[in-house]
Amino acid sequence: MNHETLRRLTLLNQLSLTDAQKEDIIAFFARQEQGLAALNVVDTESVERMVHVMPILTVVREDVAAQPFTREALQSGAPDAGEGYWRVPRVVE
Amino acid sequence: MRYETVIGLEVHVELATESKIFCSCSAKFGAGPNEHVCPACCGMPGMLPVVNKRVVDLGMTAGMMLNCHINRTTTFDKKSYYYPDLPCAYQTTQWFAPVAVNGCVEIETSKGKKKVRIKQIHMEEDAGKLVHDIMPDTTHVDFNRTSVPLIEIVSQPDLSGAEEVIAYLERLHALLRFAKVSDCRWEQGSMRCDVNLSVRPEGSSELGVRTEMKNMNSLTAIARAIEYETARHIDALENGTEVLVQETRRWDDVKGKSYAMRNKETAGDYRYFPDPNVMPVVIDDAWYAAIEASLPELPEEKRARYISELGLSEYDAAQLTQSRALCDCFEDAVSVCGKAKDAANWINSEVMNILNARKMNFDMLHIDGKSLGALILLVADGKVGRANGKKVLAAMFDDTTIDPAVYAEENGLIVSHDTGMIDAVIKEAISSDPKAVADYKSGKEKAIMALFGKCMKQLKGNCDPQVLHTMLIDAIKATE
Ligand SMILES: [Zn+2]
Chain A
0 MNHETLRRLT LLNQLSLTDA QKEDIIAFFA RQEQGLAALN VVDTESVERM VHVMPILTVV
60 REDVAAQPFT REALQSGAPD AGEGYWRVPR VVE
Chain B
0 MRYETVIGLE VHVELATESK IFCSCSAKFG AGPNEHVCPA CCGMPGMLPV VNKRVVDLGM
60 TAGMMLNCHI NRTTTFDKKS YYYPDLPCAY QTTQWFAPVA VNGCVEIETS KGKKKVRIKQ
120 IHMEEDAGKL VHDIMPDTTH VDFNRTSVPL IEIVSQPDLS GAEEVIAYLE RLHALLRFAK
180 VSDCRWEQGS MRCDVNLSVR PEGSSELGVR TEMKNMNSLT AIARAIEYET ARHIDALENG
240 TEVLVQETRR WDDVKGKSYA MRNKETAGDY RYFPDPNVMP VVIDDAWYAA IEASLPELPE
300 EKRARYISEL GLSEYDAAQL TQSRALCDCF EDAVSVCGKA KDAANWINSE VMNILNARKM
360 NFDMLHIDGK SLGALILLVA DGKVGRANGK KVLAAMFDDT TIDPAVYAEE NGLIVSHDTG
420 MIDAVIKEAI SSDPKAVADY KSGKEKAIMA LFGKCMKQLK GNCDPQVLHT MLIDAIKATE
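Order-wise, the sequence lines are chains A and B.
Using numbering that gives the first Met the number 0, you'd call the opening residue of the first sequence number 0 and step up by one each time.
Using numbering that gives the first Met the number 0, you'd call the opening residue of the second sequence number 0 and step up by one each time.
With beta-carbon atoms standing in for the labels, derived distance ranges: (1) V253/B with E71/A: 33 to 43 Å; (2) D18/A with P275/B: 28 to 38 Å; (3) G310/B with M53/A: 52 to 62 Å; (4) L218/B with L38/A: 43 to 53 Å; (5) R89/A with D402/B: 52 to 62 Å; (6) R184/B with L11/A: 25 to 35 Å; (7) M260/B with N1/A: 23 to 33 Å.
Covered by chain A, according to a simulated footprint, are these stretches of chain B (three or more residues, beta-carbon under 8 Å): (8) 51–65; (9) 79–86; (10) 123–131; (11) 134–144.
No lab work stands behind these hints, which were simulated from the structure alone.
By construction, the Cβ of each residue, glycine as well, lies at the ideal position given by its N, Cα and C atoms.
Between the sequences and the hints, there should be enough to build the whole structure, so can you do that?
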């Protein structure tokens with residue numbers, strides 16, 4: 000993690016950080032990288048990639064449609080809504 | 000210098016499911032804004048996704064149809080993407096273990112047959128719709144399409160021009176519709192395509208600078224866009240008209256030009272990582288076998304079988320195998336009437352006529368093939384005349400629950416075997432047109448057609464034409 004990577008990530012995530020926060024984050028990742036370097040010496044060749052910590056697999060449901068929520072209820076907490084839509088500040092490329 | 004074009008395609012196909020990929024909201028097209036939404040698909044905190052099994056079924060089906068290896072453990076990942084059409088600020092897709100990998104599709108062009116390699120097929124959710132023209136300074140968001148299930152079929156860069164691209168897309172279209180994976184409607188956006196294109200000197204093994212055109216949704220536009228981009232790339236390389244950069248471009252089909260949109264995000268920018276909320280899906284042997292057993296015959300296999308086993312002509316077989324709906328209707332009809340040639344004939348003439356007249360495409364054919372089989376039997380057995388059979392067929396299009404025999408009975412369309420009545424009609428026709436009688440007797444055999452038509456009309460078509468014809472000749476001969 001360096002200033003350039005952090006700048007790119009904050010841009011992609013639309014975050015604004017103070018200079019002090021930036022320094023904190025960079026220092027934090029520097030410590031993590033040391034930890035990762037220590038782990039990297041372990042041979043993990045035959046270890047399977049872990050996707051989930053819980054031993055739960057194949058949670059699926061049948062393809063049946065239902066509409067238990069109303070649009071009005073879902074939009075009741077929205078900062079702005081109208082004509083059936085959520086409204087957000089204009090985004091056009 | 001001679002150049003060659005290198006093209007890879009990413010084809011998005013909306014799956015034929017009732018509900019969305021991770022929630023129970025309807026996946027149907029055409030509702031009012033935000034009528035198909037719930038806390039899960041509009042990104043409310045704390046909501047957990049649950050995979051729709053049918054999506055995995057269809058993903059596997061597509062994989063098998065395209066000769067892919069199926070990953071027996073398939074997982075979902077988050078793709079970070081910050082835009083209001085995705086309320087979670089990520090798309091749930093597959094990156095590390097997609098449902099199907101390493102397939103191939105055979106295409107045929109004027110240059111012969113060729114195999115196009117499939118890199119992978121992954122399952123993912125669609126994004127919502129943004130509307131910019133209702134109010135200034137405001138974007139309106141519709142989440143109906145958010146989380147509608149898609150598969151993305153990623154090819155290797157094996158295609159070399161518009162002709163091959165079109166052949167490939169048409170082949171995908173046919174295979175996916177035959178397997179009922181999707182209705183593949185370009186015009187509704189249920190099939191759409193990103194075109195990745197680069198140009199290099201012929202024989203070179205290095206790839207040139209690649210540009211991507213996103214969300215193309217018509218074959219003619221795709222062909223035009225490929226011609227344009229190829230020429231633009233060659234012009235840049237030959238004449239230095241511009242410096243090519245890796246970018247996403249938008250195709251304007253009206254102006255016939257492409258325009259730069261934004262720099263293509265690299266995979267790293269999407270920061271893919273395993274979605275901890277969606278459990279891995281393990282496809283056991285029973286599940287795999289069930290999907291394998293459900294795969295349809297390929298169109299060309301059906302065509303060959305219709306010709307060799309059912310005795311159809313090349314033409315009839317080719318007509319029917321244009322669409323799974325036509326094949327299903329034909330096979331159901333034959334299962335009832337046992338008359339393959341009659342069934343092909345009815346579908347390729349009468350059914351097609353009605354579809355054309357009602358501006359319906361083949362896939363909109365909804366009549367019950369078994370009822371059509373029953374109707375074909377009624378006509379073949381002489382119980383309903385051919386012309387009246389067409390009336391029954393038209394009624395079956397209006398109401399698919401109609402039983403042809405009952406409908407014909409109730410509407411007076413059953414052939415009369417009352418020879419007394421036929422006799423009376425013939426006598427009347429003969430006495431009203433002595434000229435036709437005289438002409439026939441003097442050797443003008445066609446003259447009988449006027450009399451025949453008159454009688455048929457009087458009988459409302461409810462008469463076996465063969466019987467009427469014989470009785471009519473006998474009656475004419477009996478006049479002096
Ligand atoms: Zn939902």
